[in-house]
Each structure stands twice: as structure tokens, then as C-alpha cells.
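For reference, the chains in residue letters:
2 protein chains.
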Amino acid sequence: MIQKEKTVQSETIFSGKVFDIHSDEATIGDDPNLQHREVIIHSGGVSIVAEHDEKIVLVRQYRYGAGEILFENPAGKLDHGNEDILSAAKRELEEETGYHAETWTSLGYIYSTPAICTEKIYLFFAQNLTSGKPHPDEGEIVEYFELPKEEVFKMIKSGEICDAKTICGLMRAYKL
Amino acid sequence: MIQKEKTVQSETIFSGKVFDIHSDEATIGDDPNLQHREVIIHSGGVSIVAEHDEKIVLVRQYRYGAGEILFENPAGKLDHGNEDILSAAKRELEEETGYHAETWTSLGYIYSTPAICTEKIYLFFAQNLTSGKPHPDEGEIVEYFELPKEEVFKMIKSGEICDAKTICGLMRAYKL
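Going down the list, the protein sequences come from chains A and B. For the first sequence, counting from 1, position 60 maps to 60 in the numbering used here; every step adds exactly one. For the second sequence, counting from 1, position 24 maps to 24 in the numbering used here; every step adds exactly one.
Some hints could be false.
No distinction is drawn between identical chains; accordingly, a pair holds when it is met within one copy or between any pair of copies.
To be verified - Cut-off 27 Å, straight-line C-alpha distance, at most; resulting in silico cross-link-like pairs (DSSO-like, lysine-lysine):
| id | residue 1 | residue 2 |
| --- | --- | --- |
| 1 | Lys55 | Lys133 |
| 2 | Lys55 | Lys154 |
| 3 | Lys157 | Lys175 |
| 4 | Lys133 | Lys77 |
| 5 | Lys149 | Lys6 |
| 6 | Lys17 | Lys154 |
| 7 | Lys4 | Lys133 |
| 8 | Lys149 | Lys133 |
| 9 | Lys175 | Lys55 |
| 10 | Lys157 | Lys4 |
Keep in mind that the hints were calculated from the coordinates and are not lab data.
The task is simple: from the sequences and hints, build the whole structure.
Structure representation (C-alpha cells):
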């Protein structure tokens with residue numbers, strides 16, 4: 001039987017700009033033996049499927065972990081204090097693309113790397129957009145595009161779109 | 001214009017069981033200014049959409065990062081020396097479910113967390129399965145199930161399936 005684990009000791013061994021690392025000891029169910037766990041603590045994020053005139057709004061940016069320039073849905077970290085999740089999604093869409101959306105639908109959440117990282121990404125579907133001026137965060141270099149839906153799905157198939165949260169958002173928005 | 005970044009200094013500040021952390025300095029394009037980057041170094045993995053008699057083979061296990069018991073495609077880390085990627089996929093499917101597959105199709109790759117982690121997950125579609133005996137890794141507690149395709153898609157919609165790599169694999173296998 002699959003049992004939950006309980007953290008019984010936790011030490012912060014790295015505190016970074018975007019994530020921390022905890023070195024933990026955990027027990028599984030009623031078993032008193034300690035299991036060593038190393039976990040990345042991340043505040044979570046939002047990712048937005050934004051639809052405009054039957055097209056999808058995508059951003060393109062360099063991603064240091066991947067070492068590649070990727071196409072993605074507009075997205076960002078939850079790190080602005082007590083900001084609620086929907087407000088964070090609205091803020092990120094506007095910062096990266098300038099768009100405001102009239103209609104917001106929750107698409108639930110996903111875990112990007114559930115074994116080793118706490119990051120939970122909340123997905124949204126934004127429709128009925130009106131344009132504005134993008135104003136990315138300091139140091140954030142982002143281009144944005146609008147592509148026909150069918151082209152976006154071809155890019156997922158060909159591998160040109162390979163960002164997990166982007167594929168998950170598009171699946172929940174259109175393919176279920 | 002979006003430009004690639006070049007790592008000019010790199011220091012390993014944590015070496016763990018599953019991942020390392022590097023603290024890097026990078027330059028963007030021709031700009032000589034250094035940008036500080038903290039990155040999780042991960043060996044990458046494989047994740048398999050396994051189809052048996054019109055059903056999907058899913059595993060269920062506790063994930064420490066998520067703090068939840070999740071349904072996922074069979075999957076695992078690339079950490080067995082020089083093992084090629086397809087061999088790793090075959091090994092993981094067999095370890096977690098006992099199944100051998102006759103037909104293997106590449107579904108490309110995804111990045112789970114491209115901003116901060118190097119993890120690249122190779123997705124496969126395994127068909128024409130024959131059953132065997134699972135033999136999970138020491139300490140790995142996994143249950144496996146076979147569920148009708150339509151039920152699996154309902155679980156993605158309801159949020160019961162929230163593992164990113166699993167959703168991406170099912171999208172590339174069936175929905176494009």
C-alpha cells in the first residue's frame with residue numbers, strides 16, 4: 001500500500017534567489033526508519049493559455065536551465081507577498097504581453113517535478129483580450145507572438161514547443 | 001532580440017543524491033555584464049505512455065516534493081552510466097510494471113522546469129505489451145493500474161492527474 005511520508009527533521013542547506021534546498025529526514029507510514037530526502041522549495045507559479053482572435057499568445061525567452069530559447073505560455077512565479085493566484089496570473093499576462101483578459105477560467109494545477117521540487121503551477125485560460133503595453137520585470141527579456149491554434153499544436157507535435165507547463169495548459173484548455 | 005546566455009563561471013555549491021546546484025555567472029549575447037544564475041543540475045529522465053488493450057498503464061506513488069500520492073506514467077531517471085535513452089525507458093517500464101513492449105515510438109522530449117533546472121525528460125509511447133513481474137528499485141514503492149483511455153483523460157480534466165510529464169506524454173501520444 002502506498003503511504004504518505006512525514007517530515008520529521010528539516011534543515012535549510014541552501015537559500016537562493018528563486019529556490020531553497022532542504023535536507024530532510026522522513027518516515028513512511030508507521031515505519032520508524034528515517035528516509036533521507038533532498039527537496040527543492042519553490043514558491044510555485046502561474047501559466048496562462050491566452051487566446052486572442054482564435055490565436056494563442058506565446059512568449060519566447062532564453063531559459064538558463066534548458067540552455068535554449070523556448071516558446072512558452074506567459075508565466076511567472078508566485079512571489080509577490082500575499083498576492084492571490086488569479087491576480088498573479090493577470091499581472092504576469094500583462095507584464096509579458098500587455099494584454100488584459102475579460103474572461104478567466106481556472107485549469108487547475110500541475111506539479112512540474114513532483115519527486116524533488118515543491119513547485120505547483122496554477123494554469124489559467126484567458127479569453128476576450130484587450131491589448132496594452134508589455135512591461136517585463138527588470139532583466140526579463142521576452143518577445144511575444146500570436147500563432148494560430150493549429151500551428152501551436154503542430155509545434156507541440158514537432159517538439160518546437162517542449163515546455164511542460166505550456167503543453168499541459170494547452171491540453172487542459174483545448175483537448176479534453 | 002532574444003539572445004543566448006554563456007556561462008563564464010560555475011561553482012558547485014551542493015552535490016546531492018538526485019541533483020546538484022551550481023552557482024553560475026553568465027553573459028547575455030555581447031553584453032559583458034555578469035548575470036547571477038542558480039541552476040539545478042539533473043541527469044534527465046524518461047517517461048512512458050504504455051498502452052495495453054486500449055487501456056493506459058499508470059503508476060501511483062508518493063512524491064515527496066508534491067507531498068501527495070500521484071498517478072503518473074511509468075518514469076525514471078537517466079542515471080545508469082552510459083545506458084542509452086530507449087534502454088532506460090524499457091528498463092523503467094519493466095521495473096515499475098513488469099511489462100515488455102514490442103513497439104516503441106519516440107514522443108520527443110520536454111523540459112520540466114526550464115528556467116532553473118536542466119532536467120530534460122524523453123517521452124515514449126510503448127505498445128504491444130506482454131506482462132511480467134515488476135521489480136522496483138530498492139526503496140521505491142509503486143502500485144500500477146490499467147485504466148481506459150477516456151477515464152485517464154477525465155482524470156487530467158478533473159485534476160486527479162496533475163503530473164506534468166504524464167500529461168505531456170498523453171498529449172503527444174493521443175491528442176495531436
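Among the hints numbered above, which are violated by the structure, and what are their numbers in rising order? The structure breaks hints 5, 6; every other hint is satisfied.
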